[in-house]
Structures are given as C-alpha cells and as structure tokens.
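S.K.: Under our numbering, the first residue of the sequence shown carries the number 1, and numbering increases by one thereafter.
In short, the hints are calculated from the structure, not lab data.
Please note: incorrect hints may appear among the correct ones.
Unchecked claim - Lysine-lysine pairs mimicking DSS-like chemistry, simulated, CA-CA at most 27 Å apart:
#1 K153 <-> K83
#2 K83 <-> K31
#3 K70 <-> K31
#4 K13 <-> K50
#5 K170 <-> K103
#6 K50 <-> K103
#7 K153 <-> K63
As the structure is a prediction and not an experimental result, all values here were calculated from the model.
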Amino acid sequence: MKITGFFHGVLYKNQIVLRAADPKDLQLIYKLFNGKKSREERSKSEILLKCDIDAQFQHRSYKQLNSVWKLITVIFESMEGRKPTESERYDLYLDLLEEYADKTPSRFRKDTLRAVHISESNTVAAARFIDGLLYHLATQCELNYDLQADVRKVLYEWEIWRGKQEHDFKDDMTVSEWRERAVYSEASGLGGSVDCHHIVSRGAAPQFADCAWNVLALTREEHEFFHAHGWNAFFDKYPHLRGKVERAFEKAGHLPIPQWTTPENVQVENLAELALRG
Numbered sequence: 001m002k003i004t005g006f007f008h009g010v011l012y013k014n015q016i017v018l019r020a021a022d023p024k025d026l027q028l029i030y031k032l033f034n035g036k037k038s039r040e041e042r043s044k045s046e047i048l049l050k051c052d053i054d055a056q057f058q059h060r061s062y063k064q065l066n067s068v069w070k071l072i073t074v075i076f077e078s079m080e081g082r083k084p085t086e087s088e089r090y091d092l093y094l095d096l097l098e099e100y101a102d103k104t105p106s107r108f109r110k111d112t113l114r115a116v117h118i119s120e121s122n123t124v125a126a127a128r129f130i131d132g133l134l135y136h137l138a139t140q141c142e143l144n145y146d147l148q149a150d151v152r153k154v155l156y157e158w159e160i161w162r163g164k165q166e167h168d169f170k171d172d173m174t175v176s177e178w179r180e181r182a183v184y185s186e187a188s189g190l191g192g193s194v195d196c197h198h199i200v201s202r203g204a205a206p207q208f209a210d211c212a213w214n215v216l217a218l219t220r221e222e223h224e225f226f227h228a229h230g231w232n233a234f235f236d237k238y239p240h241l242r243g244k245v246e247r248a249f250e251k252a253g254h255l256p257i258p259q260w261t262t263p264e265n266v267q268v269e270n271l272a273e274l275a276l277r278g
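Generate the whole structure from the sequences, applying the supplied hints.
M.R.: What follows is the structure, encoded as structure tokens:
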C-alpha cells in the first residue's frame, strides 16, 4: 500500500517526524501501519518503509511525456489488474490518443484527421491530453489505494507546473465550459461532484467571475475548509495549488492574496516529542 500526500516534517533528536497536512490521509496511514504490524507479526521481522521525501515538490523540469506513460499504466492496471507489457501500454496509448488528443489533418489525406502524438505536441496540446487522461481516470476507472497514490503524485506535479505557465490551456474557457470537464478535485484528486470555487472573489473582481482561470474544482468539504480557514491554511494542506492561485491574482490585476487563517496552537517540537514517546 502506498500513500501520496503532503506532510509537515522535522528532524528532531536524530529522528524524522512527519505529520499529515490533510487529516483525511490519516485513515490511509492507519491502514498502512496496521498492515505493516500484521505482516511483521507473521514474518517475525521488521518491514522497512520505502520513502521518497521531496522538499521541492517538483523537479526542475516537469516531464509531460513521463506523466502520460504513468497515467496510461494506471489506466491499464485499473482495467486488467496487472502491469502492462510495453506493447500493451503502447496499444492503449494509441486508443487514448484517439479519444483525448488534439487532431491534425493527415499528410496524405487532407479530409482525414489523425491524433497528434505526445512526442510532437507542444506543451499546451500535451497538457490537454494529460487533462483528458485525468478525466478518464475520474470517470471510467476504479482505482485501489496504490493506484490512487500514483495518480495523486502526477496530479500534484502537474498542477505545480500549470501554475508556473504564462498561458494555460483553460485560460480562454468560460466557467460553463470548465464545468463540463470538472469531475475531480484539483486539491486532492478525489472524483465525483465538485464545487466551483472562485479564487479572486466575485465581489473583489466581478468582471472575472466567468473566467475558468479564476476557479478551482474542490470537494464540498475542501470548499468549506477554505471558507472557514482562508488561504494560509488552504496552502498548508494543498501547497501544489499555490502557483495557480497566485497566477489568478496576478491576472486579475496584481491583487494581494488575503492572508487570514486559523492557526493551530501546537508547536512542531511538542508533536515530535509526543511521537517519540510512543
């Protein structure tokens, strides 16, 4: 079982102590450690955790091609219950291109359109294809916990990359057009019914109320959390969306992001001490 999320971390008395930023991840953490304990009791030996701790949240160069293959692999595993061969993965890639990739006229038959392969796509076309794969995963696939973790990792990296772009492929959409594809939360990756949350409020900038670049897809719980705690606490749980939010405030005229929050009155050192005591 794998868990992908954001954690507060501290090196304390030569011990690494982590605290989940999103309390919803605790249920998965409990399942992981209960399973670990059960396996250790059966094997009579300690099972080490394989961890990837990344303080940068994103590598210097976001590789769209790598993300495409990761998502296609997850789609195949959700369908077949096993990892694909290279041939099977490529065949599925071709099928998904027909569904979600941009189309261009054939060089030999001008009245026929062919799918644009990811290797020949520009960054905007590649982003549209990745969005199509995420849409497919949210609407067509049943994912176990490990596959959900794989998708969340790609989603986090992808949203960070999008927040750094001067032009996003959804910039020219209206909110109504955006709603047709909004089937998963940009904060957690959870699929299903999502709310439309305006980044720059309609009261502060009503002229941008119908711009897709000014909205986030959030679950009702995530939406309510924001309105209860504000941007600081929201970024604490979902730091991958900071770039998109800052970009929206900049596009709206360099408006400042409101800085209100309800801080937790618990010091990290105190949490670490409690954790080390067992």
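S.K.: Taking the hints in turn, state whether each one holds.
M.R.: Each hint, compared with the structure:
{"no.": "1", "hint": "K153 <-> K83", "in the structure": "18 Å, holds"}
{"no.": "2", "hint": "K83 <-> K31", "in the structure": "24 Å, holds"}
{"no.": "3", "hint": "K70 <-> K31", "in the structure": "25 Å, holds"}
{"no.": "4", "hint": "K13 <-> K50", "in the structure": "21 Å, holds"}
{"no.": "5", "hint": "K170 <-> K103", "in the structure": "18 Å, holds"}
{"no.": "6", "hint": "K50 <-> K103", "in the structure": "41 Å, violated"}
{"no.": "7", "hint": "K153 <-> K63", "in the structure": "13 Å, holds"}
The structure fails to meet hint 6 from the earlier list, while all remaining hints are met.
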